[in-house]
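Visitor: Chains as they are written, first to last, in the working numbering: chain A, 7 to 398; chain B, 7 to 398.
Don't take every hint at face value.
Identical chains share a label here; the pair holds if one copy fits it or two copies do between them.
Unchecked claim - Here are the simulated SDA-like cross-link-like pairs (lysine to any residue), alpha carbons at most 25 Å apart as the crow flies:
#, residue 1, residue 2
1, Lys116, Glu195
2, Lys120, Ser177
3, Lys301, His363
4, Lys219, Asp58
5, Lys116, Ile236
Hint data in this document are derived by calculation from the structure and do not stem from the laboratory.
This is what each chain is made of:
Number of protein chains: 2
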Amino acid sequence: MSYTTAELQKLSAFYKNQLLNNTVPFWFPKSIDKTYGGYLLMRDQDGSLIDDDKAVWIQGRAAWLLSTLYNTIEQKKEWLEGAKSGIDFLNQYCFDTDGQMFFHVTRDGKPIRKRRYYFSETFAVIANAAYAKASGDKKAADTARYLFGKCIEYSTTPGLLPAKFTGIRPSKGIGVPMIMMNTAQQLRETIGDERCDEWISKWIAEIKNDFVKDDIKCVMEQVAPDGSIIDHIDGRTLNPGHAIEGAWFILHEAKYRNHDPALIALGCKMLDYMWERGWDKEYGGILYFRDVYHKPVQEYWQDMKFWWPQNETIIATLLAYKLTGDEKYARWHKMIHDYAYSKFHDTRNGEWFGYLHRDGTIAQTAKGNLFKGPFHLPRQEWYCAQLLQDLD
Amino acid sequence: MSYTTAELQKLSAFYKNQLLNNTVPFWFPKSIDKTYGGYLLMRDQDGSLIDDDKAVWIQGRAAWLLSTLYNTIEQKKEWLEGAKSGIDFLNQYCFDTDGQMFFHVTRDGKPIRKRRYYFSETFAVIANAAYAKASGDKKAADTARYLFGKCIEYSTTPGLLPAKFTGIRPSKGIGVPMIMMNTAQQLRETIGDERCDEWISKWIAEIKNDFVKDDIKCVMEQVAPDGSIIDHIDGRTLNPGHAIEGAWFILHEAKYRNHDPALIALGCKMLDYMWERGWDKEYGGILYFRDVYHKPVQEYWQDMKFWWPQNETIIATLLAYKLTGDEKYARWHKMIHDYAYSKFHDTRNGEWFGYLHRDGTIAQTAKGNLFKGPFHLPRQEWYCAQLLQDLD
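Isolated chain A (complex conformation):
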């Protein structure tokens, strides 16, 4: 199958309508914390608050979302003010005295937990960069650029952050080059930063050389520093939804670089490999973890269906179709779109459930917690609507 222009226009309108009339209104304005700033995002299916703690990743992601809506959809005052609330909270409460950010804080900004990596920082970069573009705030721009530099330093300086494992079996994850690439793309496409293009090329080269395995048609989640496969339980564990997210970051770069054919080929290859590994032929949807050699996966939720791998696959398939016209990607996009909106979307209360069993039944009803909030779903609806908007 392929999509007609009319069908793509209909999809574009669908995503934009879902975003603005279903997903965003589930969260805002009610989640803006007028007392302490930031957002109260840990909510059950009906929007009731289950915890008033704040997850630092998601505070940043929500501020990014509101700023991005302001920058790209409509200059609504409430979005800009909402974004400012998150930026202020991040700046005031989410940094430790050593300059590292926390992971989990109380409603009033007291630190509960700091983790050994710097994903809080990457989300603070995209939040500050998008907010700086929206507001013209120079301090936010400086913060975004400064933190981007810190993230590069963390990612290139072994031992700067404490290690979880000994040095006996060194490994590296695809998560670092992936998130850094997307952070740099966001920074570049909001306020600009001359470091970004070169670094993005390096991270793509790392993914291509060390994580993409053509001989076994696979994108590894973790490898040894030289790119070899670590044949132990953890080293064999694949995360198809994550690799597919990486695929569309690379396809986005291809699009940015005037449809660079080598990057299109790389991104499509990654999507192809991991669709084959991750798509559940029995029940539909993208499975959470797989073993590269089809052995048992240790992570307990390995065959559950989480919301975000579906969001990333909806973007990746649509973007691959837009860039290549290959009918396969239209077919895959329709499969994942139909599966996800029929199983995850809460037609009663809005937004999506996050956690389904393999067979598509709901495992638990939270819309927001320490790990889920207004990010993957609204980003997918926003990105897909933007991608198709030239058809309107």
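Starting from the known structure of chain A, fit chain B onto it as the hints suggest.
Guide: Then chain B, alone, in the frame of chain A:
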């Protein structure tokens, strides 16, 4: 219903037969590593090895099991030699230079990961104590007593081990008094240690005073240092199978203390509360996590059925029935026994699967990994057979 003596005799024979002719032969002698010592326990359903790494907890638990079989079932040379292999591996490879034990090592004993708590140590105590009784090895007895002292020191000295969380919202888990109580019971009942009775009384008092909530009929998994409920996602999360394991540790103590009626009442109450919270009325079996106020649980595998909560509930219900004669416990025991042996037992290859979906279908097939090995199932079969052996 109640069990007739003939039914209990049949159960006793069933457990002993399963233990010796199904569960233990799945693991031994094939898992004893003749090259490096210790055990190769990370196995798929058919016994094939999926990883040659060694989980330190499970190395200790396996050495405990083999020593305990030797001490209580039959003085088989292969069990004593097998136990020695694990004890030697623990002593030679599993301690860091600071005296703390590792969590995860390679086949040849190189450290992969150390964690911020001391459960490796508690399993090394019971392994060394049981082995010392089996072998008469004085060094093993000294090691068991020394490590037991270290565990008491860790548990009573805040800040001695690095913290995962800041001090903003202090909490404590029921895991520490539970595992320390059982460690002390094992130490006392193998080689004896005069510290045990007093400490066991303290840990039971802590559980009773701080974790058991009569007003809401619940055993908390985590509380504030003063025993109050922490009304956030983590603080509300209950682990019914774990609390039921704690219940039988207390019932075991009641039995040891000449059927102490106050301890029988406490253990039965904990079992009653958490059976009500954990038993899945729709599909049977004990669910993994619940929320104390019936809100969504964040841990992804919260409604899965794992092997070990079923094992602990089989012991707890049988022990409660033996101590009280209350027909309810016979009924519950039959329910959990029938559920678990019909869903988890691998009649083709022996042993149990570890990880089922809520509806009882198999989620993944590993019999052993970093967290599962020859412990909860063989301990259950051994304990229940021992408990009923006076009927033979």
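Visitor: Hints first: check each against the structure and report whether it holds.
Guide: Evaluation of the provided hints:
Taking the shortest Cα distances, Lys116 and Glu195 never come within 25 Å of each other, neither inside one copy (33 Å) nor across copies (46 Å). Within a single copy, Lys120 and Ser177 get their C-alpha atoms as close as 22 Å, and across copies as close as 16 Å, so both meet the 25 Å cut-off. For a Cα distance limit of 25 Å, the shortest separation of Lys301 from His363 qualifies both inside one copy, at 20 Å, and across copies, at 18 Å. Proximity of Lys219 and Asp58 under a CA criterion of 25 Å is satisfied inter-copy only: 24 Å between copies versus 43 Å inside one chain copy.
Only between protomers do Lys116 and Ile236 lie at most 25 Å apart by alpha-carbon distance; the minimum there is 16 Å, versus 39 Å within a single protomer.
Hint 1 from the list above is the single one not met by this structure.
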